[in-house]
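Q: Residue-level listing of the chains:
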Amino acid sequence: MKKLLIWLPLGLFVLFLIVFAGGLIQPESKTIPSKMVGKPMPAFALAPALPNKPGVGSAVLANGQPHLVNVFASWCLPCITEAPQLDQLAQAGVPILGIAVRDRPEDLLRFLQRNGDPYRAIGSDGNSNVQIALGSSGLPETFIVDGKGIIRKQHIGAINPEDVPGIMSALGEAK
Amino acid sequence: MRTALAVILLALSAPVLADSLMPAAKYANEQLPDRTQEARAKALMETIRCLVCQGQSIADSDAEMAGDMRALIRTRIEAGEKPEAIRRWLIERYGDWVSYKPPFDGLTWPLYALPVLFLAFGLWIVSGRLKRRRKG
Numbered sequence: 000m001k002k003l004l005i006w007l008p009l010g011l012f013v014l015f016l017i018v019f020a021g022g023l024i025q026p027e028s029k030t031i032p033s034k035m036v037g038k039p040m041p042a043f044a045l046a047p048a049l050p051n052k053p054g055v056g057s058a059v060l061a062n063g064q065p066h067l068v069n070v071f072a073s074w075c076l077p078c079i080t081e082a083p084q085l086d087q088l089a090q091a092g093v094p095i096l097g098i099a100v101r102d103r104p105e106d107l108l109r110f111l112q113r114n115g116d117p118y119r120a121i122g123s124d125g126n127s128n129v130q131i132a133l134g135s136s137g138l139p140e141t142f143i144v145d146g147k148g149i150i151r152k153q154h155i156g157a158i159n160p161e162d163v164p165g166i167m168s169a170l171g172e173a174k
Numbered sequence: 000m001r002t003a004l005a006v007i008l009l010a011l012s013a014p015v016l017a018d019s020l021m022p023a024a025k026y027a028n029e030q031l032p033d034r035t036q037e038a039r040a041k042a043l044m045e046t047i048r049c050l051v052c053q054g055q056s057i058a059d060s061d062a063e064m065a066g067d068m069r070a071l072i073r074t075r076i077e078a079g080e081k082p083e084a085i086r087r088w089l090i091e092r093y094g095d096w097v098s099y100k101p102p103f104d105g106l107t108w109p110l111y112a113l114p115v116l117f118l119a120f121g122l123w124i125v126s127g128r129l130k131r132r133r134k135g
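Taken in order, these protein sequences are the chains called A and B.
Sequential numbering of the first sequence, starting at 0, is according to numbering that gives the first Met the number 0.
Sequential numbering of the second sequence, starting at 0, is according to numbering that gives the first Met the number 0.
With the rest of the complex left out, here is chain B:
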C-alpha cells in the first residue's frame, strides 16, 4: 500500500525542470523581419549543435540555451554579420564539436577522400572483372 501510494504521488508530482523562470529571449522563437536574413540564420542554426540536448541542432532543440543561441545568431545576422563568421566564433569557444559541418583539415580529410577512393577501387575491380569476362 505504501509503495503504491508513493508511486502514485511520484507520478502526480511535477518534474523538476532545470529551466529558469525568465521568458525566452527575443528572436529565440521569433523570425527576423527580413526574409533573406532569416533564411541565412536558419541555415546556420540547423548546422550548430545544441550543447544541452547533444545530437540535436539548436534549430530543433527546446533547451533554453539553444533558444539563447538562436537569439544570438539572429541578432548578429540582423547586424550584418556573415554566418560563417558566427560559426567560427562559436567554434573558437566550443571547438569543432559545436558545428555539424566538419572542416576540411589534417584530421578530417579521410572523411572526404575515402568515399572517392572507395568508388575508384570499386570501379577498378568491376572493370577488371568485365575485361576478364570478355576474354573468356
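Chain A with its partners taken away, still in its complex shape:
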C-alpha cells in the first residue's frame, strides 16, 4: 500500500502535465452565450443607419409582437450566408430589426442591394456599444425578443437553412 502511495504525487503530476499539454495543443476557444437571455432588452436608441429607414430603439420591442434583432455588418462575411434565410423569415411576416455594427451608410447600402434587405429598421451601432450591452461577442448574432421586450433566445453565428424552423417555433412561443 505504502509502495503504491509513493507513486501518487508523480501520477498527479503526470495527470496535470497531460491536462496542461492538452490546453496548449488545442487552445480553448468557445462561443460565449449572452447572459441577457431571459432578461429585458437593455434600453437603447440607435440613430438610423440609412437615410430612408428608421433607426432602432428598445422601446418599440415591447409592442406585444415578437421580434428578431439581428446584429450584423456589411463587412461581416457570414452575414452574407444568412441573408437568404433572413429574407425567408421576413417574407413569412417576421419583423426583423437590424443593428449594424461599425458600418458606413454607403457600404451598408451596397450590402443590402447585393444580398437583399429583410430589415424593417436598421440602427447604426458605430462603437459597438449596443452589441456589448446585448452580451454579443461576434457577428452575426440574432436575438429573439418576445412581445414584452424580453430576450428569449440568442442564435450565435449565421442562420442556416436548417435553423429556420427552430427560429419560427421560438418566435411562436415568444408571443
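Heads up, some of the hints might be wrong.
[Stated by the list, open to error] Simulated pairs of lysine-lysine, PhoX-like, Cα-Cα distance not exceeding 25 Å:
(1) A:LYS1 - B:LYS130
(2) B:LYS81 - A:LYS34
(3) A:LYS29 - A:LYS1
(4) A:LYS2 - B:LYS130
(5) A:LYS29 - B:LYS81
[Said to hold, decoys possible] Only part of the chain B face toward chain A is listed, based on derived beta-carbon distances under 10 Å:
(6) ASP18
(7) ALA27
(8) ASN28
In short, the hints are calculated from the structure, not lab data.
Just so you know, these numbers come straight off a predicted model, no measurement behind them.
Even glycine gets a Cβ: it sits at the ideal position worked out from N, Cα and C.
For chain A, the structure is supplied; the task is to place chain B on it using the hints.
A: Chain B alone, transformed into the frame defined by chain A:
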C-alpha cells in the same frame, strides 16, 4: 507549374480581414487626460478578457471589439463610474468568463482555499518528520 502559380498568387493576395472600415473609437487607443482616471481604467482593462482573441486581455488585444470595449471603459470611468461597477456590468452580459479576476463564491472557493490547505498539510508533514528525527 499551375500549383506553383496558385501558391504565389495566394501568398501575394491580401488576407480577408474581419474588420470594419471605420476608424477606432475615441479612447480606444487614446488615454484619458486625467492620470488617476487613466490608471484606474488601465487596471480594469488588464483584467477584462477580449471576446475575440480569447486568452488576451482587452488591454493587449488588437481586435476592433476590444478597442470598442476600451473606449466604453474609458468613457464610463471619465463619467465617474467605479471600475468594479463596470466589471459587474460586463459580467452581467458575458458571465464570469469575461473577467480575469475570479469571484469568491460557492464554485470558486477551493481556488483560494486549496493553496492554504496544501501549505498547512506540507507544514504538518515536515513538522512530523522533524520531530521523529529529533527523537531518533
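Q: Each hint: holds or not?
A: Consistency of the hints with the structure:
1. A:LYS1 - B:LYS130: Answer holds: LYS1 of chain A to LYS130 of chain B is near 21 Å, not above 25 Å.
2. B:LYS81 - A:LYS34: With Cα atoms ~22 Å apart, LYS81 of chain B and LYS34 of chain A stay inside 25 Å; holds.
3. A:LYS29 - A:LYS1: violated (43 Å)
4. A:LYS2 - B:LYS130: Between LYS2 of chain A and LYS130 of chain B the Cα gap is close to 23 Å, so the pair holds against 25 Å.
5. A:LYS29 - B:LYS81: Violated, at about 29 Å.
6. ASP18: Interface hint status for ASP18 of chain B: holds (7 Å vs cutoff 10 Å).
7. ALA27: holds (8 Å)
8. ASN28: violated (13 Å)
Checked against the numbered hints listed earlier, the structure breaks hints 3, 5 and 8; every other hint is satisfied.
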